[in-house]
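Engineer: Whenever a hint applies, use it, and build me the whole structure from the sequences.
There are 2 protein chains.
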Amino acid sequence: MAAIRSLISSVLLLVPFAANAQDSRSEWRSLDPENTLYMELESGRVIIELAPRFAPNHIENIKTLVRENYFDQQRINRVQDNFVVQWGEPAGAKPFRKAKRTLFPEFMQPAEGLNFAPLPDADTYAPQTGFIDGFPAARNSEKGQAWAVHCYGTIGVGRDTAADSGNGAELYAVIGHAPRQLDRNVTVVGRVVQGMSLLSSLPRGTKSMGFYERRDQHIVINSIRVAADVPEAEREPLEALRTDSPRFATQLEAKRNSKDEWYKSPAGHLDICNVPLPVRRIR
Amino acid sequence: MAAIRSLISSVLLLVPFAANAQDSRSEWRSLDPENTLYMELESGRVIIELAPRFAPNHIENIKTLVRENYFDQQRINRVQDNFVVQWGEPAGAKPFRKAKRTLFPEFMQPAEGLNFAPLPDADTYAPQTGFIDGFPAARNSEKGQAWAVHCYGTIGVGRDTAADSGNGAELYAVIGHAPRQLDRNVTVVGRVVQGMSLLSSLPRGTKSMGFYERRDQHIVINSIRVAADVPEAEREPLEALRTDSPRFATQLEAKRNSKDEWYKSPAGHLDICNVPLPVRRIR
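Taken in sequence, the protein lines are chains W and P. If you're matching positions, the first sequence starts at 1 in our numbering and goes up one per residue. If you're matching positions, the second sequence starts at 1 in our numbering and goes up one per residue.
The hints are simulated quantities; they were obtained by calculation from the structure and are not laboratory data. Keep in mind that a hint or two might mislead.
To be verified - Partial pick of chain W residues on the chain P-facing surface, computed with a CB cut under 10 Å: (1) PHE116; (2) TYR125; (3) SER141; (4) ARG159; (5) ALA178; (6) ARG204; (7) SER258; (8) GLU261.
Claimed, not checked - Think about it this way: if two alpha-carbon atoms lie no more than 16 Å apart in a straight line, the pair counts; the simulated EDC-like pairs of lysine to aspartate or glutamate are: (9) P:LYS264 to W:ASP160; (10) P:LYS98 to P:GLU60; (11) P:LYS264 to W:ASP164; (12) P:LYS264 to W:ASP72; (13) W:LYS264 to P:GLU106; (14) W:LYS100 to W:ASP164; (15) P:LYS94 to P:ASP72.
To be verified - Restraint ranges, calculated between C-beta atoms of paired labels, are given here: (16) W:GLY44 to P:GLY44: 18 to 28 Å; (17) W:ASN257 to P:GLU112: 24 to 34 Å; (18) P:PRO127 to W:ASN140: 15 to 25 Å; (19) P:PHE96 to W:ARG29: 49 to 59 Å; (20) W:ASN140 to P:PHE104: 37 to 47 Å.
Remember, it's a predicted structure, so these values are computed and weren't measured experimentally. Glycine included, C-beta positions come from ideal geometry on N, C-alpha and C.
Structural biologist: This is the structure:
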């Protein structure tokens, strides 16, 4: 077969772990079960890594909601093409117990003390981009601010017009081109590390902004659990490549200036949201 | 219902035409039926606007293939999450008649004479970005080059390692974050203007690079036709907003610095691939 070679891949979220790989184990970090969520759909499990560095209060509230079984039998009610999948119900639709209804926004954090690994590449939206503890981020050194940026797979907190109207009962995942205009406007709480395609391949809603027309089109969420609350045998042993590791630096450079002879004009640059963040299953 | 307001939308590809709108008709342009393709799937019609300004020879070859019924009963055989949907078969799998098997690459064009409407915003990958005749594009004035950039919905020509190994028999559509590393490495021939979600919501392939495991998973393409060859009653009367119109400039500025009070920190900047390119049906 005189095959026309497929395009060089852009993103590989999940890489298989070769037992004989010459990995330095220290280049990988285990996902913290206390900051990992399992969203169970009929189609499978979506795994979310939470980012308490960026949004400690919202994440505490989300975990409180999860432990109150708030999300169980809630629904994905919005799938807007090239934008977001959204789930949960507006506050009030289901009782809150200990969870808070309003939270002070966590759109940004003080940059000081954060382990920011900068990219040298120019960015359209921020003075500087890079990674903080495995998450794509941006920094404004002049203002002393840092924030998680919206990339494919980013999880954020839906809110009303008031900045403090988000509480984590309604969440979204980005399923399209990075909607960077949302940066510094919503609280980012994490990213999807496995099962992304269970969200991204859902039928698009046909109402305004991608809402489903009818309730029977909604996708039921069987449950959301904190991984730490799930029996160990049912957990996924995932590791993420450290974004401050030499291996990751090599991968960034390969993405920036590919040595693959397929590329005739290496890009020379790298967009913070055009970077694979490798995750592997260790057994 | 104490609704948490949904996120402000990022992209609206298809806008309904309000008959009483104060549109200046000249701000919209009809899609040229000679440069519009209808890809007919079981699930519906995907409409592609071709961009002869960027790739006249490849587009001529693709239209030759279309008119040889080359694509009829071909298949979508690859759906890679956050990257591309790909269809057609490698050259040789189905006979070519008049269509060429190899073409000189059309990765870039001389910038001179192209109607380039620049954006003021910095770009990670190119010295300058903007629009050329309705298509997102980039320019390197020093080198006198311009090219169509890879955004969500962009259609490009699959190729093997050799730069001239693409011929249009294998095409892809971008279904994820803009894979800008492909710019200047493949020939871009157009963009999806309707039916994008028929591609983006397809099940992801589970083999390497998103290929489907089995042939029975492939999505059959009933046919691809040039709109001009379709009876007028079966055509879609679509118009695209001119990217050099005042209305479009207003939309860009609203995206860059939203006046909506939902936004607490207007972005101030705009990424060439984070821009809706409105298309409407006129009757």
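Engineer: Evaluate each hint against the coordinates.
Structural biologist: Structure-based check of each hint:
1. PHE116: At about 18 Å, which exceeds the 10 Å cut-off, the nearest Cβ of chain P leaves the hint on PHE116 of chain W violated.
2. TYR125: holds, 5 Å
3. SER141: violated, 17 Å
4. ARG159: Interface hint status for ARG159 of chain W: holds (6 Å vs cutoff 10 Å).
5. ALA178: Holds, about 6 Å.
6. ARG204: holds, 4 Å
7. SER258: Since the shortest Cβ distance to chain P is 7 Å, the answer is holds.
8. GLU261: It holds, given that the least Cβ distance between GLU261 of chain W and chain P is near 6 Å, below 10 Å.
9. P:LYS264 to W:ASP160: Answer holds: LYS264 of chain P to ASP160 of chain W is near 12 Å, not above 16 Å.
10. P:LYS98 to P:GLU60: This hinted pair holds, its Cα atoms lying about 11 Å apart.
11. P:LYS264 to W:ASP164: holds, 11 Å
12. P:LYS264 to W:ASP72: It is violated: about 32 Å lies between the C-alpha atoms, which goes past 16 Å.
13. W:LYS264 to P:GLU106: holds, 12 Å
14. W:LYS100 to W:ASP164: holds, 11 Å
15. P:LYS94 to P:ASP72: holds, 11 Å
16. W:GLY44 to P:GLY44: 18 to 28 Å: holds, 26 Å
17. W:ASN257 to P:GLU112: 24 to 34 Å: holds, 29 Å
18. P:PRO127 to W:ASN140: 15 to 25 Å: For PRO127 of chain P and ASN140 of chain W the Cβ distance comes to about 24 Å; the hint holds.
19. P:PHE96 to W:ARG29: 49 to 59 Å: holds, 52 Å
20. W:ASN140 to P:PHE104: 37 to 47 Å: holds, 46 Å
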